[in-house]
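The whole structure should be built from the sequences, with the hints applied where relevant.
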Amino acid sequence: MKDELARDVERVVLTLDVNRERFELLVPVHKTLLEVLREDMNLTGTKHGCELGECGTCTVLVDGRPELSCLLLPIQLEGRPITTVEGMANGSELHPLQQAFAELGAAQCGYCTPGILLSAQSLLTENARPTRDEIREALAGNLCRCTGYTKILQAIELAADRMG
Amino acid sequence: MREHPHPAASPPTSPHGGEVNGLKVVGKPLPKVDAATKVTGRAIYADDMLPARTLHCRILRSQHPHARILSIDTSAAKRMPGVLAVITGADLPVKFGILPVTQDERALEHEKVRYVGDPIAAVAATEEEIAAAACDAIAVEYEELEPVMSTDAALRAPRDERIHEYGGPNNVHKFVTLEFGDVDGGFARAERVREDVFFYQGNTHLPMEQHSAVATYVDGRVTLWSSTQVVHYVHRALAKVLELPMHRIRVIGAAHGGGFGGKTDPFAHEIIVAKLAMLTGRPVKCTLTREEVFYAHRGRHPVLMWVRTGIDAEGLITAMHFRSALDGGAYGSYGVASTFYTGALQTVTYDIPAYRFEGCRVFTNKPPCGPKRGHGTPQPRFALELHLEKLADDAGLDPVDLKRRNFVKPDTRTVNWLRVTSCGLDECTDLVMNASKFRERKPRPGHGMGFAISSYLSGAGTAIYWNDMPHSEVQIKVDRGGVTAYCGAMDIGQGSDSVLATIIAEELGLQPADVRLVTADTDTTPIDLGSYSSRVTFMAGNAALEAARRMRALLVEAVEASGKRYEDVTFEEASVLGEARFGTLTSAGSYTPPKIAGPYKGSGVGPSPAYSYSACVVDLDADARTGIVTVNKVWIAHDVGRAINPLLVEGQVEGSVYMGLGEALMEEQVFRKGLHKWPSMLEYKSPTFLDVPEIETFLVETVDREGPYGAKEAGQGPLLPVPPAVCAAVHDALGVWIDEIPVTPEKVIEALRRKEKGEPARYGPPHFPDIPYPPVIKVEPPPKDLDAQAASS
Chain A
1 MKDELARDVE RVVLTLDVNR ERFELLVPVH KTLLEVLRED MNLTGTKHGC
51 ELGECGTCTV LVDGRPELSC LLLPIQLEGR PITTVEGMAN GSELHPLQQA
101 FAELGAAQCG YCTPGILLSA QSLLTENARP TRDEIREALA GNLCRCTGYT
151 KILQAIELAA DRMG
Chain B
1001 MREHPHPAAS PPTSPHGGEV NGLKVVGKPL PKVDAATKVT GRAIYADDML
1051 PARTLHCRIL RSQHPHARIL SIDTSAAKRM PGVLAVITGA DLPVKFGILP
1101 VTQDERALEH EKVRYVGDPI AAVAATEEEI AAAACDAIAV EYEELEPVMS
1151 TDAALRAPRD ERIHEYGGPN NVHKFVTLEF GDVDGGFARA ERVREDVFFY
1201 QGNTHLPMEQ HSAVATYVDG RVTLWSSTQV VHYVHRALAK VLELPMHRIR
1251 VIGAAHGGGF GGKTDPFAHE IIVAKLAMLT GRPVKCTLTR EEVFYAHRGR
1301 HPVLMWVRTG IDAEGLITAM HFRSALDGGA YGSYGVASTF YTGALQTVTY
1351 DIPAYRFEGC RVFTNKPPCG PKRGHGTPQP RFALELHLEK LADDAGLDPV
1401 DLKRRNFVKP DTRTVNWLRV TSCGLDECTD LVMNASKFRE RKPRPGHGMG
1451 FAISSYLSGA GTAIYWNDMP HSEVQIKVDR GGVTAYCGAM DIGQGSDSVL
1501 ATIIAEELGL QPADVRLVTA DTDTTPIDLG SYSSRVTFMA GNAALEAARR
1551 MRALLVEAVE ASGKRYEDVT FEEASVLGEA RFGTLTSAGS YTPPKIAGPY
1601 KGSGVGPSPA YSYSACVVDL DADARTGIVT VNKVWIAHDV GRAINPLLVE
1651 GQVEGSVYMG LGEALMEEQV FRKGLHKWPS MLEYKSPTFL DVPEIETFLV
1701 ETVDREGPYG AKEAGQGPLL PVPPAVCAAV HDALGVWIDE IPVTPEKVIE
1751 ALRRKEKGEP ARYGPPHFPD IPYPPVIKVE PPPKDLDAQA ASS
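In the order they appear, the protein sequences are chains A and B. Numbering-wise (this note's numbering), the first sequence opens with residue 1 and increments by one. Numbering-wise (this note's numbering), the second sequence opens with residue 1001 and increments by one.
In case anyone wonders, no lab produced these hints; they're calculated from the structure. Positions of the beta carbon are idealized from the N, C-alpha and C atoms, including for glycine. Where hints are given, some of them may not hold.
[As the list claims (entries may be wrong)] DEER-style ranges, computed between Cβ atoms:
{"id": "1", "chain 1": "B", "residue 1": "K1437", "chain 2": "A", "residue 2": "S92", "range": "44 to 50 Å"}
{"id": "2", "chain 1": "A", "residue 1": "I75", "chain 2": "B", "residue 2": "A1624", "range": "50 to 56 Å"}
{"id": "3", "chain 1": "B", "residue 1": "E1144", "chain 2": "A", "residue 2": "E21", "range": "51 to 57 Å"}
{"id": "4", "chain 1": "A", "residue 1": "D63", "chain 2": "B", "residue 2": "T1484", "range": "42 to 48 Å"}
{"id": "5", "chain 1": "A", "residue 1": "S92", "chain 2": "B", "residue 2": "T1570", "range": "22 to 28 Å"}
{"id": "6", "chain 1": "B", "residue 1": "L1023", "chain 2": "A", "residue 2": "I75", "range": "32 to 38 Å"}
{"id": "7", "chain 1": "A", "residue 1": "G53", "chain 2": "B", "residue 2": "Q1103", "range": "36 to 42 Å"}
{"id": "8", "chain 1": "A", "residue 1": "T131", "chain 2": "B", "residue 2": "E1756", "range": "36 to 42 Å"}
{"id": "9", "chain 1": "A", "residue 1": "E21", "chain 2": "B", "residue 2": "Y1166", "range": "56 to 62 Å"}
Next comes the structure, spelled out in structure tokens:
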């Protein structure tokens, strides 16, 4: 059976651009971007909460826009820049969003944090000074069970002010 | 620039303690010590681990709610290439359970299954897909039994066999009947008596991280990394079921992606991966699917409640009689404690001179319920707060005034022997009443405001397994200027690591980031009973304080022996002088709660070294046409004793309010034909960024005399007043009582329809079932001066 499975699994050679680095990979064609990031590239900063596109935990940026990595196949993404939480910091200097999240206690268990940071980064790229309602709208697809969202909103506003 | 809460965070009010006297880091809104790890994605959660040669485990679970297992055939699964081991209940026959009195679970059931999702067999394979395919290849022959799906059904004689062989009659698991003081006399002298029935629907923790565990077996020793709230309880369960001495097992808490009580039991998958690692000699990992997490559950019990209270002409409570019926699901879990908790803390907020409690937990063929944030107390708090609102209405009294008149006073014993020390109920109430302008609100159609209070434990005063040992222990090592602290406490995101580091830093004159931490590892850290029961700040905090003060004393002695003052040298100098004088510098501290439980059976549930207090006002709009309730704002004041780190305390309070709103308005576990109706994050509704209103938080510091720097709990208590405040506000808005949560639009519309027809303007359970409680056990109230000496010292 294992041999059969191995035979049945179609593998593809892919070149992915992740966090401004090129990766050549041989992966089963059915594997999601989430699985490839975590299992084949050891980029475990991207978390999974449902694997059905419901919770926003696995959010990454593709072409700078938030996408659910659990619903994407890497074969769709060749040549398109992908950013994960590991790619946010500038060397050992935290991204202003990361810095603000740390300072204001916006990450409690931290499990939803990577996805929320990336959704927020995309928002601030498009809208440098979002209102609180615009932040809520942009992040409505990212669930958090710890914070009650309050400190996350405050942290995004703080980062926006510092970046602006 | 917008105004930002940090670093100019508003200082907590300190009615008793005054300014945060001379404290350097305690009381400051500092970032968590693990903040950078969390925001960079570097924190390693259990599912992030993939040791070389890891096998993947999948678990075959029952598809029937109640059935006898006639046979399990694993032969086809075992033959599949890539499958290295298949195990069933015969491989793990020893029963376990979190409470010593309810050892009623097996890691794999081989005789009968009691809910859809009960584990039956497990596979370890080279790939997860192969493990899943192998599970599908296991043939199980069942004899279906009548499923028992409701409390009413559980109270009737079963058509087939009972779910468990132990417990009360039919499918009753546990009865509790206690009476304190002269209840009949209290009702006889009451000016007014009222009875109400309430229902609190069950709901689940929904942590963002699914449960996950990885085990290895090397040199005859099991090591397990798990997403657990209590490494010690997992350690005990592994030792029991694997029949290994504890020193051959090591349990390490991986970075934790959210608990809320849902990872406080030892779980089947933790035992299974350890067994499979022992059998295969390779690392084995199991991460539950989101659907499995819904079935693993151990969440909020659905509780039906009946309450009767008498008040005198002044509105003072003369007696209370409280009944609860808990739908426990398929196993014991923490259920015995949950049952006691539905009756324990009523007296901690209101002075009730005579109190009778009759509780009952039943088994049903649903995922087992257990502890969720507030464990067994949000349900009775919901009932009690709304009941007093109605009683005030009956008596023509203002509900807030009626509640205030009955507030407990600091340094008292309740009629059921619970020792109250600090109590900031009055301050909390003043803060939210004033900030919300509750009294000045102008009537507007569909707009309402509601008020409620609550209290919660700062850790249970007695351990779940009886012993005289400390509940928390901390060791500190200092060498060459470095400080490392060791403690079994598990940081589940609430910031327990930061609390430990802050306390130790305060005592030694350092910053929290200067303290290295080793936590939640049964090999290298001394015991802590884990992150549940809101116990860590109080108990591990006190242990850390003791260890740090002992370390400081060593350093001071060494510095002074050199002719200098501790304050005048750097920490590095002090460390070098200390190490030169004493050799290896180590200190230890521990915390054992005071023995304050009353002299009756069951008195172990309820006592805590200190209680937190909260008061809350909810402002909302309720649409009479659609039934939709929109919360505009929540004001919450929380008596935390002392905020070791106000940033983290606010985070706990805000998170509690959020979770309380979810329970009040949308979250519910509902089952159909044994199946969870909504086992996914899309269908199980929880509040999003768009659903959570502005939350204004006030911290009240009553400086508890036994808490570390006066600190009490913050993680659970603030959830409790939210659901009743929501329902009180809905009543204020529409004139209808919604006596069960969640408050869905359908319930609001139905209550309005009844009101229009001239029926009672209410939606809620019509009656409380006839439960054959055993005769009540009468307990003498405590003598008035029981704690006088301690209070004055």
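Cβ separation of A:I75 and B:A1624, checked against the hinted range 50 to 56 Å: holds (53 Å)
Distance restraint evaluation - B:E1144, A:E21, Cβ atoms, bounds 51 to 57 Å: Cβ of B:E1144 to Cβ of A:E21: about 56 Å, so the range 51 to 57 Å holds.
Supplied distance hint 44 to 50 Å, evaluated on CB atoms of B:K1437 and A:S92: holds (48 Å)
Range hint 36 to 42 Å (beta carbons of A:T131 and B:E1756) holds or violated: Distance hint for A:T131, B:E1756 holds at roughly 40 Å.
Consistency of beta-carbon spacing, A:I75 to B:L1023, with hint 32 to 38 Å: violated (58 Å)
Outcome of range test on Cβ distance (A:E21, B:Y1166; 56 to 62 Å): At 60 Å between Cβs, range holds.
Whether the CB-CB distance between A:G53 and B:Q1103 falls inside 36 to 42 Å: holds (41 Å)
Range hint 22 to 28 Å (beta carbons of A:S92 and B:T1570) holds or violated: At 26 Å between Cβs, range holds.
Beta-carbon spacing of A:D63 to B:T1484 - inside the hinted bounds 42 to 48 Å or not: This hint holds: roughly 45 Å between Cβ atoms.
Going down the numbered hints, you'll see the structure goes against just number 6.
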